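Participant: Each chain is listed here by its residues.
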Amino acid sequence: MTTDLTRRSAAEMASLLSTREVSAVELTQAHLDRTDAVDALVHSYLHVDHEGALAQARAVDQRRAAGDDLHPLAGVPIAVKDILTTKGLPTTCGSRILEGWVPPYDATVVTRLREAGMPILGKTNLDEFAMGSSTEHSAYGPSRNPWDLERIPGGSGGGSSSVIASFQAPLAIGTDTGGSIRQPAAVTGTVGTKPTYGSVSRYGLVALASSLDQAGPCARTVLDTALLHAVIAGHDQLDSTSIDAPVPAVVEAALRADVSGMTVGVIRQLTGEGYQAGVQTRFDEAVALLVERGAKVVEVDCPNFDYALAAYYLILPSEASSNLAKFDAMRYGLRVPPAEVDDPSAEQVMAASRDAGFGDEVKRRIILGTYALSSGYYDAYYGQAQKVRRLIADDFSRAFASADVLLSPTAPTTAFRLGEKLDDPMAMYRGDVATIPANLAGVPGMSLPSGLSDEDGLPTGIQILAPATQDDRLYAVGAALEAALLERWGAPLLTRAPDLSQGAVT
Amino acid sequence: MTTHATREPETLMGYDEALTHFDPVMGLEVHVELGTATKMFCGCSTTFGAAPNTQTCPVCLGLPGALPVVNEIGVESAIRIGLALNCEIATWCRFARKNYFYPDMPKNFQTSQYDEPIAYEGYLDVDLDDGTTFRVPIERAHMEEDTGKSLHVGGATGRIQGADHSLVDYNRAGIPLIEIVTKPITGAGERAPEVARAYATALRDLLKALDVSDVKMEQGSMRADVNLSLRPRAADAQDQDAVPLGTRTETKNVNSFRSVERAVRHEVMRHGAILHGGGSILQETRHWHEDTGLTTSGREKSDAEDYRYFPEPDLVPVAPTRELVEALRATLPEPPAERRKRLLADWGYSDLEMRDVQNAGVVELIEATVSAGGSPAGARKWWMGEPSRRANGQAQDVASYAAEVGLTPALVAELEGLVTGGRLNDQLARQVMDGVLDGEGTPTAVADARGLELVKDDGALEAAVDAVIAANEGVADKVRDGKLQAAGALIGLVMKQMKGQADAARAREMILAKLGQG
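Protein chains in written order, with my numbering: chain A, 1 to 506; chain B, 1 to 518.
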């Protein structure tokens, strides 16, 4: 029974709760049981909050019994990426430097989850400060891909992708700075959306790159993703970059699931060469399915996307080098006295703590960013990168003049093996080539499963991109494609993943 | 002779001698804490003197995940300051991050403005002691946040060197600051120290009139950094502007107007001695020592110091509409220098009297007293008297002292009215003022309660006069012989007999008449 329960969609769980066929406590307990059974294999969580989640579930059940007006998702449990602050729950950002830190405040996204009555199961693993594409840069060890435990679950949000792909949670919050929601979704056969920049509050999201970061929903279906999107999106006075406008009707769009009359644009620069054959094949089939459902397809040209990766790896480290300066051992987190120094100065403690607390990838990016912002180099690096950013936004504008949404494979390959790219940062970075342009331009993007690659039987993802503030288009197109694919597959893709509770598949 | 960078010369050069060789060039950077109720980027209170770390939140503590939101009142104050300094106001500008590590700076970057200040290209006309006006060119005024405050414990000096440990109070972190930077001030010549003081004073008066800050140098809500360099004096004064600027030093945190003047003077003498001795100036920050009147070396300010400025991505640009700017312009008070000229004419004070009341900080009180019906001379006399003495004794400014004891301009006008109306003389009025300051009530109430009133009954006065003359025939004879100044002694005795409650002028009149001198 409990296994069946965790395999339901969030929408179905919400329905079971509202008809009182299942209680929030039962539902939450089922997911905690699943975690107890499989997370030793998957390692999605850095912290599981059994008591807290059950207490929240009990409160929802009591309110329902009292006849209170509840949010539709009240009682549906959720996992939160460990880069959003949670009052009273540890928040490590996957880093040693924040080991043991318990924030005194909730991120706005977390506040909205609590207000909706969604029990928070725990905090999910990530590459340290969201820097990476595999979770291998987590200071607490990598998460694993439920489809193949020797492979990466994507990154940085591999904890959030694997937690829903392994049925430990129906929903999760991710964050996406260059693809950290979409690429993990693609390689685990799940759905994830990076909303329009500014449409989900960043307050309490520990900043990697402030102008690129965006929190978003992760789920197993397009409708579930929309339901969670609607909970967390909306204006927040605590975030100056927050958009003060109504949230697009994402749930309605997902329910409509209609692409007839829409024009979809295939981005020339993000297909073909460099993309794994199976990824490309499933992508082409998906585009054909959309045409069958009434969409018109065009090819669009975005020539400046070729420079996106280079611009991204100047802007991100620059902002990160400044954002991560606050981790100095003075007020919270790890404090390491310098070795062999009597009576060390504050600066010596800062240096020693940062040396011990940050991993190699974080240090690499801090050094890159510090260099790029240095006097005499600023114009050549940060300044030029901002110009490229403008050109990429212009490419999007032109493309959206001829297409309602744009399409590409989400990632060039299926999940690679743990360790495979760890010593080749450039190879790791290149995996984000298709997702990065959306962050640079601030436009919304979704990844949903397009099938399994013929070569390796692993999930492939398709990315849908829409103009800024038109996030609802992602859901209209995504839900239509999902319906067409489901018809072809006969059952959700994840039913073909190994059932981990029967023992590890190695 | 080889040139070598020098910090401390053997002896200072005489000021006048330094000026015969060199032309001083100054630059002043003044930080002003705005008097907004909340901090620049969060809702924390800005009240001075609260217990350490009680006015903090995730934002001003720089906790992971926290984000800033701009204080609109802070921006409006910055625009008003810019307008009052005759600056252009940016139509679009951004905040920037100034990156450097310091324990009292929670984020290890300061949210400031860099190449896009809110206000730029202005000037401030300042009055010098001789009544002439000097125009100080303003480069920019920009918005930023204050840092926390370090307290170094266990050392002898309170400085970080030798301290046992340090404590940080983040109450100050995030308090809005406006930094006002002058362009190089040239042409002041030997009056450079006076110009520096006059500028700081005029800026204080302006900011006070704008009501944007309490501008208290002693509490640190206004802090001045003084840059100074010397360049060789040109043979022909007309060519002076063509002489390149010398290497400057920056003297930090000069905390009184007098110290601004002294610091400039000291640095002129120190630079002069070094340069004249064939040395060169090391570009560095200097610490000002109020007690000795000297500066000592701070940290070297090399070009290697790189703040890696970039636009603050967590804030949106500030783009004040022209309507807002014009609306704020309409709220500007009368410029202090113009106001001073107007009051001088209206009140008929001498320059010296005017400067005294300005220095005493009672101009507004006098103005209000005159509005309440007092005379300018009377208002000056009463405010500069006992209230100023008592305020000084308690190291308070007169206005706050008066507010504390309930002495309003209207009450001062009332007191003066009792004198001009003939009920009190000055001596009795001083007793009444004491009573008011001691909290005994209004002047009329105090006079009533203490039974203070001039005796208007000529009969009683005449009896006293007769008695005094009879008892002091020797003195009376002197007056009869034409030594009129001797009458003073008799008047004093009459007043004593009348217990002060007599009109001394009437007593004199009566004495002189009776002794044949009327």
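Calculated directly from the structure, the hints in this document are not laboratory data.
Just so we're clear, the structure is a prediction, and the values are computed from it rather than from any experiment.
Glycine included, each C-beta is placed from N, C-alpha and C at the ideal position.
One or more hints might be untrue.
[Unchecked claim] Here are some chain B residues the structure puts well away from chain A; computed CB gaps all over 10 angstroms: (1) T36; (2) A235; (3) G417.
[Stated by the list, open to error] Covered stretches of chain B (in silico footprint by chain A; criterion: 3 or more residues with CB under 8 angstroms from a CB of chain A, positions within the stretch not fixed): (4) 68 to 76; (5) 136 to 148.
Participant: With reference to the structure, classify each hint as holding or not holding.
Facilitator: Each hint tested on the structure:
no.	hint	result
1	T36	holds (17 angstroms)
2	A235	holds (38 angstroms)
3	G417	holds (54 angstroms)
4	68 to 76	holds (count 3)
5	136 to 148	violated (count 0)
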